[in-house]
Amino acid sequence: MVYVRYEKMQQREEKQLESALESIIQRVNDLKQSIASMIFKIENEYETMAWPTFLDNYALISGQLTSLSKVLSHDKCPNLRNLTVLPLMLSPERDEQLAQATEGRVTTFAHDLVPDYLEPNLSLWQRIKLRQGKNGKSNPRLRGNTQQNSSVADTHLLVAAVGMGKGLKMGPSPNGQPNPTSGGMMVAPQGRTGGPPGQSQMPPSTQAMTMNKAPSAIKTNIKSAAQMHPYGR
Amino acid sequence: MGVTILTQFPTENRTGPHTIDVLSKRIMALGALQQGQFLVDCETYTSVPQLGPQRTVHVLHNSEQPATVFSLLETGTKTIPLATDGLFDLLMMKMSSFYTSKKQTKAESKGPRYEIGDFCVKLGTVTVSSNFKGILVEVEYRPCVVPAMCWDLLKEFLQGFLGLSGPTNPPAYLQNRMQEIYSPIDTIHQYLEHFTIFRKSPGIGMRA
Amino acid sequence: MSAPGTAMDSLSAALKCNIIPNQEYLLQGSVLDQYVEVLLHRLRGLCDNVDSGPESFHDHELCFTLRAGSGSGAPIVLPLRVRRALDVADAPFQLRYVGQQELGDKNRPTVVRSSIDMACSSTIVEFLTELGCRLDFEYIARGYMFRKGRMKITVSKIFKVAGNKPVETVEPISQSYLVELSVLAPSGQDAIGEDMRIFAEQLRPLVQLEKIDYKRLGSMM
Numbered sequence: 001m002v003y004v005r006y007e008k009m010q011q012r013e014e015k016q017l018e019s020a021l022e023s024i025i026q027r028v029n030d031l032k033q034s035i036a037s038m039i040f041k042i043e044n045e046y047e048t049m050a051w052p053t054f055l056d057n058y059a060l061i062s063g064q065l066t067s068l069s070k071v072l073s074h075d076k077c078p079n080l081r082n083l084t085v086l087p088l089m090l091s092p093e094r095d096e097q098l099a100q101a102t103e104g105r106v107t108t109f110a111h112d113l114v115p116d117y118l119e120p121n122l123s124l125w126q127r128i129k130l131r132q133g134k135n136g137k138s139n140p141r142l143r144g145n146t147q148q149n150s151s152v153a154d155t156h157l158l159v160a161a162v163g164m165g166k167g168l169k170m171g172p173s174p175n176g177q178p179n180p181t182s183g184g185m186m187v188a189p190q191g192r193t194g195g196p197p198g199q200s201q202m203p204p205s206t207q208a209m210t211m212n213k214a215p216s217a218i219k220t221n222i223k224s225a226a227q228m229h230p231y232g233r
Numbered sequence: 001m002g003v004t005i006l007t008q009f010p011t012e013n014r015t016g017p018h019t020i021d022v023l024s025k026r027i028m029a030l031g032a033l034q035q036g037q038f039l040v041d042c043e044t045y046t047s048v049p050q051l052g053p054q055r056t057v058h059v060l061h062n063s064e065q066p067a068t069v070f071s072l073l074e075t076g077t078k079t080i081p082l083a084t085d086g087l088f089d090l091l092m093m094k095m096s097s098f099y100t101s102k103k104q105t106k107a108e109s110k111g112p113r114y115e116i117g118d119f120c121v122k123l124g125t126v127t128v129s130s131n132f133k134g135i136l137v138e139v140e141y142r143p144c145v146v147p148a149m150c151w152d153l154l155k156e157f158l159q160g161f162l163g164l165s166g167p168t169n170p171p172a173y174l175q176n177r178m179q180e181i182y183s184p185i186d187t188i189h190q191y192l193e194h195f196t197i198f199r200k201s202p203g204i205g206m207r208a
Numbered sequence: 001m002s003a004p005g006t007a008m009d010s011l012s013a014a015l016k017c018n019i020i021p022n023q024e025y026l027l028q029g030s031v032l033d034q035y036v037e038v039l040l041h042r043l044r045g046l047c048d049n050v051d052s053g054p055e056s057f058h059d060h061e062l063c064f065t066l067r068a069g070s071g072s073g074a075p076i077v078l079p080l081r082v083r084r085a086l087d088v089a090d091a092p093f094q095l096r097y098v099g100q101q102e103l104g105d106k107n108r109p110t111v112v113r114s115s116i117d118m119a120c121s122s123t124i125v126e127f128l129t130e131l132g133c134r135l136d137f138e139y140i141a142r143g144y145m146f147r148k149g150r151m152k153i154t155v156s157k158i159f160k161v162a163g164n165k166p167v168e169t170v171e172p173i174s175q176s177y178l179v180e181l182s183v184l185a186p187s188g189q190d191a192i193g194e195d196m197r198i199f200a201e202q203l204r205p206l207v208q209l210e211k212i213d214y215k216r217l218g219s220m221m
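Protein chains in written order, with the UniProt record's numbering: chain A, 1 to 233; chain B, 1 to 208; chain C, 1 to 221.
Just chain A, with the same shape it has in the complex:
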């Protein structure tokens, strides 16, 4: 009785595997066709193609990849990792059947094409090094591209500078003529937009204000400016 049940289970598993493989092969074929048509478009329509149309192709391929991964992760799909691929014959020569099946793209099922199935006998570390490539850099696709083209720190620096003058603020103008009639710290540009240098301290600037003003006016300005200066140093 046990043997019969086991056989039935095996049959069911085999059927599952078959249908799963069919489904996977179908999806992979669709994907292959989309990629082929996109390559065709790039090669023949590059002069007239618009970027959004180009992106649509990517969207299609992305959708197909998603459905493929759905099939692979489905309950009904057996864990393909647990199955082994058993070579029936080893030969370095060109395989005509394979060539025909792949439209001439693959002529030998060799280990450089499918390293996972036909790996040379390497230790764990050697395998890791192989994956990382000759120059020891980790695969950028694994790392993610976000930091390569834009820096988050720079973004924050720029936004803060433009939004509230972080790093751009300056002290009172040493060359501006403070208008005695206007209270507080004024930057009065003389016919052009004022641009006083960096972060000048308070004392030197008030000394510079001695130009054409009566002493009492200066004192008033120093007092009111000191009250209103927000960056009390």
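I should point out that these hints are in silico values taken from the structure, not numbers from a laboratory. In this text, all values refer to a predicted model and were calculated from it rather than measured experimentally. Do not rely on the hints blindly, as some may be mistaken.
[To be verified] Restraint-style ranges between C-beta atoms, simulated for each label pair: (1) C/R147 to B/T46: 37 to 45 Å; (2) C/R147 to B/T168: 51 to 59 Å; (3) C/E194 to B/R177: 50 to 58 Å.
Note that beta-carbon positions come from the ideal geometry of N, C-alpha and C, so glycine has one too.
Fit chains B and C to the supplied structure of chain A, relying on the hints for placement.
Just chains B and C, lined up with the frame of chain A:
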């Protein structure tokens, strides 16, 4: 915009509308055609004490330049002009904590607008906070933009239909600017000059 | 023959009908100097006016504040910005009021803040100074502007103004370009945010356009 002269016309013992009527008849007798109406208004804002010495901002609109808002900032020692898009009024609303307006000083000049040859004549009834204050006549000579070159012509034209009430000298504002190129802000300055006088004068008592 | 309505009347009417563009929807990001050409190329393909190319600008922006003590608590502050073109003579200046970022829906894809934008005469700087404003900071922005429908995209290099002459002796404040995507529209048109988010997706991974609250950055940095 060509050189423009503003001048008050005394009402004597007539009402406002009657005076306008009299002047309209005169100008139409000369061959003028009415082309709509015009409106120039002025709202005045003063700075809050926390901002220091008092400053005044006059915001004026002229229907002749409908997309512009003119502002004149008076600090006591100088006047700074500014011309901006219509949204400046929205900005003044945002500044209400700093500059407040006294509604009682809102001044307006409005009335019919006539075209006769190269001249444009506007007969304005001036009201301050809806109280009638007088008649203000605006005449523009469109082909010319230098006051010195057309003052005599304008004087002759004005005296032609205003009689002895016509001006004999250029407006005070233009006297130092006779050789400069005229622009719309100069008309605004003249309106402010007259509105200031009208605001100080007692009401004539006869409603417009 | 009816008298013309006052300017204030038409402004009030326009406000009521909600046709005044007084709200800015904004996304910001940056791109490193060495990748800016790639970004410009991609933007050129995505945006309007593919043939004529992007518009370049070289502007000087001055940031003023009008402050008054309110007696009881914190002073009331009104920020105002003036922007003028350094590369085009006689171009009108631009006056701008930008309000606080609207706090609210965390799910909103963009920054939303009130913004009143207008062209003005060159007397604006003296006007603001005499009005009681003080110059808080200034900078030079140089870069390119693109448009797509009502979206505006700017890619700008920001420079610190050093010395008395704003045009000469400027130093960049970072090794990146600031990228901003914005729309100026009447309030309440939140669907714009979604359009902007979708457009921003097309610029990834070159530049990550996000909503950034610069006030929070101030306390962090």
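Status of the hints after comparison with the structure:
no.	hint	result
1	C/R147 to B/T46: 37 to 45 Å	holds (42 Å)
2	C/R147 to B/T168: 51 to 59 Å	holds (57 Å)
3	C/E194 to B/R177: 50 to 58 Å	holds (55 Å)
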